[in-house]
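Asker: Protein chains in written order, with numbering that gives the first Met the number 0: chain A, 0 to 131; chain B, 0 to 136.
Heads up, some of the hints might be wrong.
What the hints assert, rightly or not - Straight-line Cα separation of at most 20 Å, PhoX-like style, residue types lysine-lysine; simulated pairs: (1) A:124 with B:83; (2) B:114 with B:59; (3) A:87 with B:114.
No lab work stands behind these hints: they were computed from the structure. A quick note: this is a predicted structure, and the numbers were derived from the prediction, not measured.
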Amino acid sequence: MTKKNDTALVRRGNNALMRQTEPREEVVTPAADVFETGDSFIVRIDMPGARRESLQVSVDARTLSIRGSVGSLHDGEARLALNEIAHKSYYRQFALTDGIESGRIQAEFEDGVLTVVLPKSDEWKAKEIRIS
Amino acid sequence: MFVRIAGFDPLFDFDRTVDEMLSGWGTVRAAGYPAMDVAEYDGEYVVVAELPGMKKEDVKISVEEGNLVLRGERKHYGLPEGTKVLRHETHTHPFVRRFVLPDEVNVNEISAEMKDGILRIRLPKTEQARPREISIR
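Take the sequences, apply the hints, and build the full model.
Answerer: Here you go:
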């Protein structure tokens with residue numbers, strides 16, 4: 000079976016929504032890579048410094064939402080001579096299509112990269128047709 | 000406010016930045032790759048870099064001619080054959096960043112650690128450079 004959902008998994012998050020709830024933090028849209036293999040979609044999101052307890056991966060029928068907060072990287076008495084890293088939280092959404100087994104979605108956080116694996120339901124998996 | 004534009008291989012003048020901060024220029028905010036912070040404390044400087052997807056083996060820190068030099072390259076993770084790339088936004092290009100070290104840094108005591116994509120380099124000041132209180136007899 001072929002699939003028609005190549006562009007399905009991508010939609011930019013709406014940053015304005017989060018700004019209201021976290022006024023002191025800058026909300027940024029983290030960079031992401033999205034792949035499709037025969038049996039799943041894989042999303043890899045750069046979230047350096049995100050605190051593990053702040054990470055949220057949530058799914059409803061249409062949307063995968065990712066959140067995570069870095070907070071401050073410095074102690075209170077630090078005097079910043081160079082400041083390129085924002086005091087920030089990450090927020091991003093991806094639109095989902097049919098054919099994802101939302102109950103079996105898995106996520107892990109390693110080296111500041113959040114990896115989410117979204118397995119395809121059986122009928123959407125790539126199948127090899129044997130030529131007899 | 001004086002803003003330094005950091006390019007791909009910026010030569011960043013650590014001393015001047017600190018001076019600018021002390022003289023009321025405010026905090027320097029520029030865009031380099033990787034994004035970095037330099038924080039000064041009474042007893043040390045702490046240099047922080049965002050290095051998502053990198054392990055400590057992917058990064059090299061050295062002191063060369065009075066500069067702190069950070070080099071690295073994010074290795075591309077392997078993908079199984081037949082994988083389709085739907086979106087690719089992350090960087091993998093190599094980088095070099097340099098900072099002129101203030102004299103007061105004790106070069107032999109520099110240490111670094113990586114956690115969750117954040118590199119933290121600690122540069123203790125020499126004993127003479129640390130603020131101390133003089134007791135009155």
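Asker: Checking each numbered hint in turn, tell me which of them this model violates, lowest number first.
Answerer: Hint check: nothing fails, all pass.
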